[in-house]
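Engineer: Sequence:
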Amino acid sequence: MKTVAVTGASGAIGRALMQGLKDVYDLRPMSRSINGTDLMNPEGLEEKFRGCDAVIHLAWGYARESEVPGRSSLNNILMHRNVIDATKAAGVKRAIMASSVHADFFYDWMGPGLLGLDRQQRANGLYGGLKLLIETLDEEAADENYRIADIRYGGVTDDGQPHPTDTWERRVWLSHPDLCAMARAILDHDDPPAYAKLYAVSDNEHRVHDTANPFGWVPQDAAPVDIRDDLAP
Numbered sequence: 001m002k003t004v005a006v007t008g009a010s011g012a013i014g015r016a017l018m019q020g021l022k023d024v025y026d027l028r029p030m031s032r033s034i035n036g037t038d039l040m041n042p043e044g045l046e047e048k049f050r051g052c053d054a055v056i057h058l059a060w061g062y063a064r065e066s067e068v069p070g071r072s073s074l075n076n077i078l079m080h081r082n083v084i085d086a087t088k089a090a091g092v093k094r095a096i097m098a099s100s101v102h103a104d105f106f107y108d109w110m111g112p113g114l115l116g117l118d119r120q121q122r123a124n125g126l127y128g129g130l131k132l133l134i135e136t137l138d139e140e141a142a143d144e145n146y147r148i149a150d151i152r153y154g155g156v157t158d159d160g161q162p163h164p165t166d167t168w169e170r171r172v173w174l175s176h177p178d179l180c181a182m183a184r185a186i187l188d189h190d191d192p193p194a195y196a197k198l199y200a201v202s203d204n205e206h207r208v209h210d211t212a213n214p215f216g217w218v219p220q221d222a223a224p225v226d227i228r229d230d231l232a233p
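Residue numbering for the sequence shown follows UniProt numbering, beginning at 1 and increasing consecutively.
Incorrect hints may appear among the rest.
With a straight-line Cα cutoff of 25 Å, these simulated SDA-like cross-link-like pairs (lysine to any residue) come out [claimed, not checked]:
id, residue 1, residue 2
1, 197, 213
2, 88, 114
3, 2, 114
4, 197, 18
5, 48, 213
6, 88, 139
7, 88, 43
8, 22, 187
Label pairs and their calculated CB-CB ranges [stated by the list, open to error]:
id, residue 1, residue 2, range
9, 139, 218, 33 to 43 Å
10, 2, 167, 15 to 25 Å
11, 23, 119, 38 to 48 Å
12, 161, 23, 40 to 50 Å
13, 224, 41, 21 to 31 Å
14, 143, 184, 31 to 41 Å
15, 114, 165, 38 to 48 Å
Source of the hints: derived by calculation from the structure; they are not laboratory data.
The model shown is predicted, which means the values in this text are computed figures rather than measured ones.
Using N, Cα and C, we set each Cβ at its ideal position, and we do this for glycine too.
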């Protein structure tokens, strides 16, 4: 059984993965709220990842009102770099890193076809821009001994259900079963590419994103765009 570290395990994606993969892998959750792991402090971080076959890095810090402007952005980049350095030094061979559909401004996509990874990227705001920067760091760090998959996650909800009222959120919804199946496809692949990235959304009605990937993952769930009648005023 593979040992997989999960940073940010207390977030929505982390909780869904911890629940859905608990019988498949030996999961090692890491977060300040769970076991006091401080990913901003590189000292001793390597030891926390030692013995892991893979890492799923989800941790992300959000700005507080009292914070110096830009501080959280810098901290997230430094934290990401710490995780790369510590996991590589610890001998971890495979990494799933959290990017976002907001790494490209998908709201203006008019086709033809689905939005893939081959067009010039135009980030959706600061958050999307930071995710693009992280993808660049990951592509530079990846090699045959440290294989990285950047996941442009769609919307993962706490209850696993599509958003009840927002059409765009329904288009980028990622179900818990599809999320876990994607993680398994990457972690269990016999010979993954040194670096890959993919869009992770379910097979939703009128979805925008092309989920083609080298791991054989095919989303199975779908959210209809039509909003539930019982929620109408």
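Engineer: Run every hint past the structure and note whether it holds.
Structural biologist: How the hints compare with the structure:
At roughly 8 Å between alpha-carbon atoms, residue 197 and residue 213 fall within 25 Å of each other, so this suggested pair holds. Of the pairs offered as hints, the one joining residue 88 and residue 114 is violated, with about 35 Å between alpha carbons and a cut-off of 25 Å exceeded. Taken as a hint, the residue 2 and residue 114 pair is broken in the structure, with Cα atoms around 35 Å apart against an allowance of 25 Å. At roughly 22 Å between alpha-carbon atoms, residue 197 and residue 18 fall within 25 Å of each other, so this suggested pair holds.
Simply put, residue 48 and residue 213 have alpha-carbon atoms about 30 Å apart, too far for the 25 Å limit, and the pair is violated. Restraint check: the Cα-Cα separation between residue 88 and residue 139 comes to about 14 Å, which is no more than 25 Å; the hinted pair holds. Of the pairs offered as hints, the one joining residue 88 and residue 43 holds, with about 14 Å between alpha carbons and a cut-off of 25 Å not exceeded. Distance restraint check for residue 22 and residue 187: the Cα-Cα separation of roughly 14 Å lies within the 25 Å cut-off, and the hinted pair is therefore satisfied.
For the pair residue 139 and residue 218, the beta carbons lie near 25 Å from each other, so the given range of 33 to 43 Å is not met. The hinted window of 15 to 25 Å between residue 2 and residue 167 is violated, with their beta carbons roughly 38 Å apart. At about 39 Å, the beta-carbon gap between residue 23 and residue 119 stays in the expected band of 38 to 48 Å. Between residue 161 and residue 23 the CB atoms are about 23 Å apart, so this pair departs from the stated range of 40 to 50 Å.
For residue 224 and residue 41, the hinted distance range of 21 to 31 Å is not satisfied, since their beta carbons lie about 46 Å from each other. Hint check: residue 143 to residue 184, Cβ distance near 23 Å, so the stated range 31 to 41 Å is violated. At roughly 24 Å, the beta-carbon separation of residue 114 and residue 165 lies outside the given 38 to 48 Å, and the hint is violated.
Consistency with the previously given hints fails for numbers 2, 3, 5, 9, 10, 12, 13, 14 and 15, ordered from lowest to highest.
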